[in-house]
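Given two chains presented individually in distinct reference frames, assemble the corresponding complex, making use of the accompanying hints.
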Amino acid sequence: MLSPFEIIETIKMIQEENLDIRTITMGISLRDCCDFDGKAARVKIYDKITRLARNLVRVGEEIEREYGIPIINKRIAVTPISLVAESCDEESYVQFAQVLDQAAEAVGVNFIGGFTALVHKGYTGGDRRLINSIPEALSTTRKVCASVNVATTKAGINMDAVREMGSVVKETARLTAAEGGLGCCKLVVFANVPEDNPFMAGAFHGIGEPECVINVGVSGPGVVKRALERVKGADFGTVSETIKKTAFKITRMGQLVAQEASRRLNVPFGIVDLSLAPTPAIGDSVALILEEMGLEQCGAPGTTAALALLNDAVKKGGTMASSYVGGLSGAFIPVSEDAGMVAAAISGALTIEKLEAMTSVCSVGLDMIVVPGSTSASTIAAIIADEAAIGMINNKTTAVRIIPAPGKDVGDIVEFGGLLGSGPVMRVNEYNCEEFIKRGGRIPAPIQSLRN
Amino acid sequence: MRAVISVIGKDRVGIIAGVSKILVDTNVNILDISQTIMQEIFTMVMLVDISRANTPFARLSDDLKELGNTLGLSIQIQHEDIFNSMHRI
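Chains as they are written, first to last, in the working numbering: chain A, 4 to 455; chain B, 19 to 107.
Keep in mind the hints are simulated off the structure, nothing from the lab.
Treat the hints loosely; a few may be bogus.
Stated by the list, open to error - Straight-line C-alpha distance at most 27 Å; calculated DSS-like pairs for lysine-lysine:
id: 1; chain 1: A; residue 1: 318; chain 2: A; residue 2: 247
id: 2; chain 1: A; residue 1: 235; chain 2: A; residue 2: 15
id: 3; chain 1: A; residue 1: 319; chain 2: B; residue 2: 28
id: 4; chain 1: B; residue 1: 28; chain 2: B; residue 2: 39
id: 5; chain 1: B; residue 1: 28; chain 2: B; residue 2: 83
id: 6; chain 1: A; residue 1: 15; chain 2: B; residue 2: 28
Stated by the list, open to error - Sample of chain B residues lacking proximity to chain A, with all beta carbon distances greater than 12 Å (derived):
id: 7; residue: 29
id: 8; residue: 33
id: 9; residue: 34
id: 10; residue: 52
id: 11; residue: 53
id: 12; residue: 84
id: 13; residue: 99
In this text, a Cβ means the ideal position worked out from N, Cα and C, and glycines have one as well.
So that you can see chain B by itself, here it is in the shape it has in the complex (with noise of 0.2 Å):
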């Protein structure tokens, strides 16, 4: 199963390190990544294969979120079919 997990707030040092890290604890593989700075706003957006997770989604998701607010941005995740879905026929 495939994640995106999205960074959105202002850039600032060990953005990457810090979701890479809970990543990595979780057995999370990163397929692709790519970041852009969109109408002056930080944006990554980081395609995961999540189906060797060692942890249930909801914990991964809490711990990404809870990552976001110490670095006073909006991180998320979310299941890879909601977005092709919307975008793709």
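Just chain A, same shape as in the assembly (with noise of 0.2 Å):
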């Protein structure tokens, strides 16, 4: 039998330590739902969610009471709606925005990620409808995620692309003014964007993936801290040692919920998604665990190596306690979701350009950073094109979710709310790039030998 100490172990994990999974995400093909009636093709959408979907809710819901562990967000991840709703001869897509709006709704799910454009070499038709659309489509919808992949280690970047989510998130942000520009907390710029991500806003459901799906995503910032807070003043070694027995056990609570929510629901396991991802509660921060390393606060010298460390040392002990492992799979630093991260940034010991150094060595990139709302598209653009650039050299996922908060200046805080937490407005360099921004054309993709 196992003794007290595993079990105690275990439910202190849950109690005290925030141990939760993030997320269940029901992956579902919309490739079947095309139709030249971009009305029809609605109808189908919405059918088809509702019906692979409606027990999702109950499901996860069951899970957690029985296995006592707290599933936080039951998602929906669907295909490209470019692809969808390209065969249409519909000029906005805000009504496919709308009809993914009601059939979350109605199934019960917080978020449906697949507002999403894939244009890392070039636009179609249908990629720039999306984009066009993105703006109203996430001011007139409460639950719709959009993202856009601008950039591939194998195409480069896409630079008219990035040009343009610019002024789509200046854009995004000006229609939900009154909410500080919550629109732009549902919009991801992606570089190397992975198909199977269950987490938002990023998640969507790649074209290789099979007609449904289940994906997991993990957390547990809490239980690495206070694993780390064990071994006060060890070596590098002991460190990571003891993040990789962490991330092991945390991962198998995953892939156990993986498992049985695929077997319940009678729908494939996909992937376990290895990430810490915080929230804004106390003690469930990866800023915390860096400072446990040793720094006085996140944003000091050596955080990108304490940030590497954590990082790699998650994937190493995740990796064998679930049988696929996928998605993002790192440690996140959302700032505004991040109790640590956000008062980093109050007192400056934090800034964008640290973060985004840290962007290169963990999961994701600049993610939920609110700057002023004087930001101009053309410094948004050179923001993504940077993150782009670290993600197509370094053949890895990286993305930016920028908030430029209308109205807002360095020195005030933005309320979003839940998990998205409150940011605080962090200063942008101010010097200009439009002139950079407005050449276009493309980066081309990078050479893979000669790496130095």
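Below, the structure written as structure tokens:
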């Protein structure tokens, strides 16, 4: 039998250290929902989502109850709508976003991702229409998340798309100004986007995916932090070992829940995403893990090295715990969703430039960063270009989720509520980059040898 | 199906009696019990077989939680697999 110590360890992780399953995300292919008639396509989309996902929330809640582990979010990811809507002749895809919103509402999930276009090498007509529809789509729906992939290591960076996304981000902020630019919290610009990521706002159901699939994202920064408290002052070998063991245990929870959800819903199990995803809750912070390693505050010199170790150890520990690993898998550093990051940004220890360096060694990118409302579209585009370059050159996913909060300036704090938290407005380098962004075209794919 | 009932809190008279009463009423068989004082906190762990239970899991879980509230303790029932998957390879 299990020892009481083991049982209490698990219970403490859940009750005191915020261990949870962050999301069960059902991926649904909508490729069979295309139609010349947009209205007919939308009927098919609504019917398919509500048919396949009708038990998702109930099953999630059952598992939560029986195993005693909180499952915070139940979500849906669909085929990029640019592909599904492209066959119809409508100029705006806003109604497609609205039907996704209605379907999400009907089955009770809290987000649905897939208002997406993949334009790393160029646009099709559908891609263009989808991107043009993003600001209105995000301002007239509550649960829909949009993403655009603008770069890959194999294709290079589509700088036309980068430039356009600068304007799309600005326009989305303008249309949701009353809520601090909330629409931008649901919009991610990617390089090397994974096709099976269960985390929002960047989730969509990739074209290589099966008809329907269950992907699970785990979490547990609090558990890692607590484990490191027990090895205070030990060398980095010990730190790494401790994180690996903890990540293993966390991921086993994800594997169990994913298998069980897959069995009960009769949908194949896709992947477990090993990410350490923080929440605004006290103690559920990635920044505090970095600080536990000996940094006065997140952002201090040493932060990038600390994050590199953390990210790598999480992957090493987690990989053995799950039969299939995928998605973003690594440490997330969303500023507004992490109490430690927020504190570091307010004190000035953490800057956008330091965050940019951190994104070269962790799983995502500049995430949930609030900047002054006066930040120009070209500056936002240039920030996107910098992130895309890091992703492209290093063969990794990077992303930008940035909120130019209308009417807000450095020193203000913007409240988004719930898991999105509240973000301090961070200073942006104000030197002009307009001529750079105006060039357009593509940055060619990088050479894969001579890696210095 | 096997589940683990965990009781954590301050020791007092009637904990095992209270839990056992619920288990008798719902036809749940106790397979193993261990109790210990861990960091000055009373901890009891009970392995039970719920495959012949005459009540839904959710109800059993609620009844135990309620008993815990009455006794000023935390009482939880969880499917055994969550512990096995975390601690056994």
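Evaluation of the provided hints:
1. A:318 / A:247: 8 Å, holds
2. A:235 / A:15: 20 Å, holds
3. A:319 / B:28: With Cα atoms ~39 Å apart, residue 319 (chain A) and residue 28 (chain B) exceed 27 Å; violated.
4. B:28 / B:39: 20 Å, holds
5. B:28 / B:83: At roughly 15 Å apart (the allowed maximum being 27 Å), residue 83 (chain B) and residue 28 (chain B) satisfy the hint.
6. A:15 / B:28: 16 Å, holds
7. 29: Its Cβ never comes within 12 Å of chain A, the nearest being 14 Å, so this holds.
8. 33: 15 Å, holds
9. 34: 15 Å, holds
10. 52: About 5 Å separates residue 52 (chain B) from the closest Cβ of chain A, which leaves it inside 12 Å; violated.
11. 53: Label violated. Min Cβ-Cβ 8 Å, cutoff 12 Å.
12. 84: 15 Å, holds
13. 99: 6 Å, violated
Checked against the numbered hints above, the structure breaks hints 3, 10, 11 and 13 and satisfies the rest.
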